[in-house]
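Since the structure of chain W is provided, determine the placement of chain B on it from the hints.
Quick mapping for you: the protein sequence lines, in order, are chains W and B. FYI, in this note's numbering the residues of the first sequence are 1 to 329. FYI, in this note's numbering the residues of the second sequence are 1 to 329.
Hints in this document: simulated from the structure, not taken from any laboratory. Each residue gets a CB set at the ideal place from its N, CA and C atoms; glycine is no exception. Treat the hints with care, as some may be off.
As the list claims (entries may be wrong) - Covered stretches of chain B, as calculated for chain W (at least 3 residues, CB under 8 Å): (1) 234-243; (2) 246-256.
Said to hold, decoys possible - Some chain B residues close to chain W (C-beta under 10 Å, calculated; not the full set): (3) Tyr129; (4) Gly143; (5) Met178; (6) Pro184; (7) Asp188; (8) Leu216; (9) Gly227; (10) Gln261; (11) Arg262; (12) Val264; (13) Leu269.
2 protein chains.
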Amino acid sequence: MPTRVAIDAMGGDRAPAVVVEGAVEAVQQSEGSLHVLLVGVPVEVEPLIPAGMEHIEVAPASEVIGMDESPASAVKSKRDSSIHVGLGLVRSGQAEAFASAGNTGAVMAASLFTLGRIAGVSRPTIAGYYPTVDSFCTVLDVGANVDCKAEHLAQFAHMGSVYAERVLKRTNPSVALMNVGEEPGKGDEATKAAFELLSEATSINFIGNIEGRDLLKHGADVVICDGFVGNVMLKLGESIADVLGHFLAAEMKAQDLDEAQRRVVKSVLAGVARRFDYETMGGVPLLGVNGNVIIGHGGSTAAAITQMILRAGELVEHDVANRIAASLA
Amino acid sequence: MPTRVAIDAMGGDRAPAVVVEGAVEAVQQSEGSLHVLLVGVPVEVEPLIPAGMEHIEVAPASEVIGMDESPASAVKSKRDSSIHVGLGLVRSGQAEAFASAGNTGAVMAASLFTLGRIAGVSRPTIAGYYPTVDSFCTVLDVGANVDCKAEHLAQFAHMGSVYAERVLKRTNPSVALMNVGEEPGKGDEATKAAFELLSEATSINFIGNIEGRDLLKHGADVVICDGFVGNVMLKLGESIADVLGHFLAAEMKAQDLDEAQRRVVKSVLAGVARRFDYETMGGVPLLGVNGNVIIGHGGSTAAAITQMILRAGELVEHDVANRIAASLA
Numbered sequence: 001m002p003t004r005v006a007i008d009a010m011g012g013d014r015a016p017a018v019v020v021e022g023a024v025e026a027v028q029q030s031e032g033s034l035h036v037l038l039v040g041v042p043v044e045v046e047p048l049i050p051a052g053m054e055h056i057e058v059a060p061a062s063e064v065i066g067m068d069e070s071p072a073s074a075v076k077s078k079r080d081s082s083i084h085v086g087l088g089l090v091r092s093g094q095a096e097a098f099a100s101a102g103n104t105g106a107v108m109a110a111s112l113f114t115l116g117r118i119a120g121v122s123r124p125t126i127a128g129y130y131p132t133v134d135s136f137c138t139v140l141d142v143g144a145n146v147d148c149k150a151e152h153l154a155q156f157a158h159m160g161s162v163y164a165e166r167v168l169k170r171t172n173p174s175v176a177l178m179n180v181g182e183e184p185g186k187g188d189e190a191t192k193a194a195f196e197l198l199s200e201a202t203s204i205n206f207i208g209n210i211e212g213r214d215l216l217k218h219g220a221d222v223v224i225c226d227g228f229v230g231n232v233m234l235k236l237g238e239s240i241a242d243v244l245g246h247f248l249a250a251e252m253k254a255q256d257l258d259e260a261q262r263r264v265v266k267s268v269l270a271g272v273a274r275r276f277d278y279e280t281m282g283g284v285p286l287l288g289v290n291g292n293v294i295i296g297h298g299g300s301t302a303a304a305i306t307q308m309i310l311r312a313g314e315l316v317e318h319d320v321a322n323r324i325a326a327s328l329a
Numbered sequence: 001m002p003t004r005v006a007i008d009a010m011g012g013d014r015a016p017a018v019v020v021e022g023a024v025e026a027v028q029q030s031e032g033s034l035h036v037l038l039v040g041v042p043v044e045v046e047p048l049i050p051a052g053m054e055h056i057e058v059a060p061a062s063e064v065i066g067m068d069e070s071p072a073s074a075v076k077s078k079r080d081s082s083i084h085v086g087l088g089l090v091r092s093g094q095a096e097a098f099a100s101a102g103n104t105g106a107v108m109a110a111s112l113f114t115l116g117r118i119a120g121v122s123r124p125t126i127a128g129y130y131p132t133v134d135s136f137c138t139v140l141d142v143g144a145n146v147d148c149k150a151e152h153l154a155q156f157a158h159m160g161s162v163y164a165e166r167v168l169k170r171t172n173p174s175v176a177l178m179n180v181g182e183e184p185g186k187g188d189e190a191t192k193a194a195f196e197l198l199s200e201a202t203s204i205n206f207i208g209n210i211e212g213r214d215l216l217k218h219g220a221d222v223v224i225c226d227g228f229v230g231n232v233m234l235k236l237g238e239s240i241a242d243v244l245g246h247f248l249a250a251e252m253k254a255q256d257l258d259e260a261q262r263r264v265v266k267s268v269l270a271g272v273a274r275r276f277d278y279e280t281m282g283g284v285p286l287l288g289v290n291g292n293v294i295i296g297h298g299g300s301t302a303a304a305i306t307q308m309i310l311r312a313g314e315l316v317e318h319d320v321a322n323r324i325a326a327s328l329a
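Just chain W, same shape as in the assembly (with noise of 0.2 Å):
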C-alpha cells in the first residue's frame, strides 16, 4: 500500500498551481509508492490535475489561511482551513504525513493543537539542511523557538539525532552545540546549561560546542541553536549564492575578463549556487509533534513542492515520530 502523504494545496504564494504540478510530479517519481492528497478548495484544485492521474485525490477544505494572517487568531478561527483538515488527516490515521509551504507559524499552531506534543518534548521544533563541505549537516531551531532554555536546546539534539540517524543515514551522527567558542563554559546562559545537560547524554554523540566557522566545514551532523541563532544563520547562508554572483561579477569587470572566461566562472558558481538552494531539499521536518510534517518555503516552486512530498514520505518510512517518541521516553 502507498504512503498516503496530504500536501497543503492552497499553502505558498503560488499555489494552488505549482503544489498540483509538484504533487502529480512527486506521483509520478515515487512509481506507485506515494499516493497524494491534495487539500484545498475543490472547485480551485481538480480543474488542475491531469485527467486519468492515479494516486492523486481531492480532499476538500473550505477555507485558506493566508501567508500573512496571524497564526494564533488563524488557526482558532479557520477549523476548516487546509492545514487544519491536512493535519486532521494525520491524526485520524488517513494520512500518514503532512506537508505545507504555506503560513509556517500557522502549521506550527495547528500541529500543536490538532496532533499535540512527543511526551518529554516541551517545544517541537524545525529542523533545517545547511550545505557542508562534506553534504549538510542539519541546524536546529531554525526560528520555531526564538527564547530557549538548556532543556528545550538538550531536546532538539535528541530529536536531531534521531532525524540524522534515520531519514539522513548518518551513523552515531555527531551533535555540537553552535557556541562563541569552543571551549566547556563558553555562551550564554542556556548554552552553558545545556553543554552540562548533552555532556551527562549516553544516547547521543555529543561533540561539544563549535564556532560559527566550523558550520559549513561540517563541525557537526547535527547542529544545536536558538531558533534565534538558526534563523540568522540560515537565511545568511540562503544569500550567500546571491551575494557571491554579486561579488563575482564586480570581480569579473575588475578582472576584465573576456566571455568565454565569464561563461566559465558562471558556469562553476551555477554549481555552487545550487548547494544552498532550499529547492534542493524542498521543505524541512516539523519534530516533537505525533506525527510527521514538512514544512516548506513560501516562495516554493513545483520541485521544491514535489521534494517536500518526497521528504515527507521519508519521514513516514523511516518512521521517525516514533522513533524520537522512543528516544525520549
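Positioned in the frame of chain W, the structure of chain B alone reads:
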C-alpha cells in the same frame, strides 16, 4: 604633533616579531603622522626594531598575559602586563589609543578596569566589520556580550551610529536590528523590547528589523545584535571564502575545467576572498570605554598589525570616544 598609538608588542600568536614588523610599516606609511609605542618586554622587543627608526619606541612592561589565560585572574594578577601598561599610557595621556592582538577578554577587562565606562554605557561593545555588496557594514556586538538586555542593544545602536558616521564616513547611517523577521513584534524578548526603544530614539536613523539574508546585501550600515548572534555571523562570514574555495574546486573538477580555465576561476575567487579577509581591516574598535582601543585577531600578521595601528589612529582623529560620550549624555 603625531598621534601616539600604543601597541601591545606581546599580543598575538606571533608576537613580538610580527607586531614590530607591522608597527614599522605603519610608521612608514603614516609619514610622520603616527608615533608608535611598542609596549612589551624590552629585551625581546628592542632587538627587532630597525636601527635609526624614528617615531617608534619601546614602552617597558615586565609581564605578558597569554592568549589562553583566564582574563579575570590574569587582569588581577599581572598588573605590569603589556595590556595594562598600554592602557595606562592612554589613561595618563601619554598615548591617544591602544591596540592589541592579544587575549581579547583580557583587553576588554583591563580596558574597563583602567579606562572605565563612558557615562550612559552599561556594557562596552566590540564593533565588527562585515563585507557587503555595497562595501561593508558594522555589526555590534560581535562577542563581548553574549547575554544582552534591550537597553544594551539600544546603547550598541547609539555607539555604532557615531562610529559609522565619524570613522566610516556614512552620512546619517542606517541602523537596523538583526532579527528573525522584518515585521515589528518579531524576535526574542530582548530584541522586541529593543525595537521599541530604538523606535523612540530621535538621534539615530533606525530603519527597523533586518534578517540574516539582508546582512551581505547591506541591509543597513549598522547592524545591532547580541554578541552571541554577532559572533556566530562574524565567524560564519570569515569561513565563507575558505569554504567557497572548496566548493569551487569540487565544481571545477565536476565540470572538468582545463588548466587555463581553472586559473581564471581561482583568480576571481582570490579577489572575492580578499573582501572576507580580516587583514584588510586589521582590527575592530572596543566602543564604550573612556579611551580609544582597537582589538585584533590572535592570528594577526604584520599586515594586519599595520592596519590595526592605522585604525587606532582613525579613532583618535575622529575623537570617537568623546563623541560617543556626547551622544549618550
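Hint-by-hint comparison with the structure:
1. Proximity of the region 234-243 of chain B to chain W, defined as three or more residues with a beta carbon under 8 Å from a beta carbon of that chain, is established by the 9 residues found.
2. Counting residues of the region 246-256 of chain B whose CB lies closer than 8 Å to any CB of chain W gives 7, which reaches the minimum of 3, so the coverage claim holds.
3. The interface hint given for tyrosine 129 of chain B is broken, as the beta carbon of that residue sits about 15 Å from the closest beta carbon of chain W, more than 10 Å.
4. Among the interface hints, the one on glycine 143 of chain B holds; its C-beta lies about 6 Å from the nearest C-beta in chain W, closer than the 10 Å criterion.
5. The criterion of a C-beta within 10 Å of any C-beta in chain W is met by methionine 178 of chain B, whose closest approach is roughly 6 Å, and the hint holds.
6. Annotation: interface hint on proline 184 of chain B violated; nearest CB of chain W at approximately 13 Å, more than 10 Å.
7. Taken as an interface hint, aspartate 188 of chain B checks out: its beta carbon lies about 4 Å from the nearest beta carbon of chain W, inside 10 Å.
8. Using the Cβ-Cβ criterion of 10 Å, the hint placing leucine 216 of chain B at the interface with chain W is satisfied: the shortest such distance is roughly 4 Å.
9. At about 7 Å, the closest approach between the beta carbon of glycine 227 of chain B and any beta carbon in chain W falls short of 10 Å, and the interface hint on this residue holds.
10. Contact between glutamine 261 of chain B and chain W, as hinted, is supported at the beta carbon level, the nearest pair being about 5 Å apart and thus within 10 Å.
11. Because the beta carbon of arginine 262 of chain B sits about 9 Å from the nearest beta carbon in chain W, less than 10 Å, this interface hint is met.
12. Restraint check, valine 264 of chain B versus chain W: the minimum CB separation of about 5 Å is within 10 Å; hint holds.
13. For leucine 269 of chain B, the interface hint holds, since its Cβ comes within 10 Å of a Cβ in chain W; the closest pair sits about 8 Å apart.
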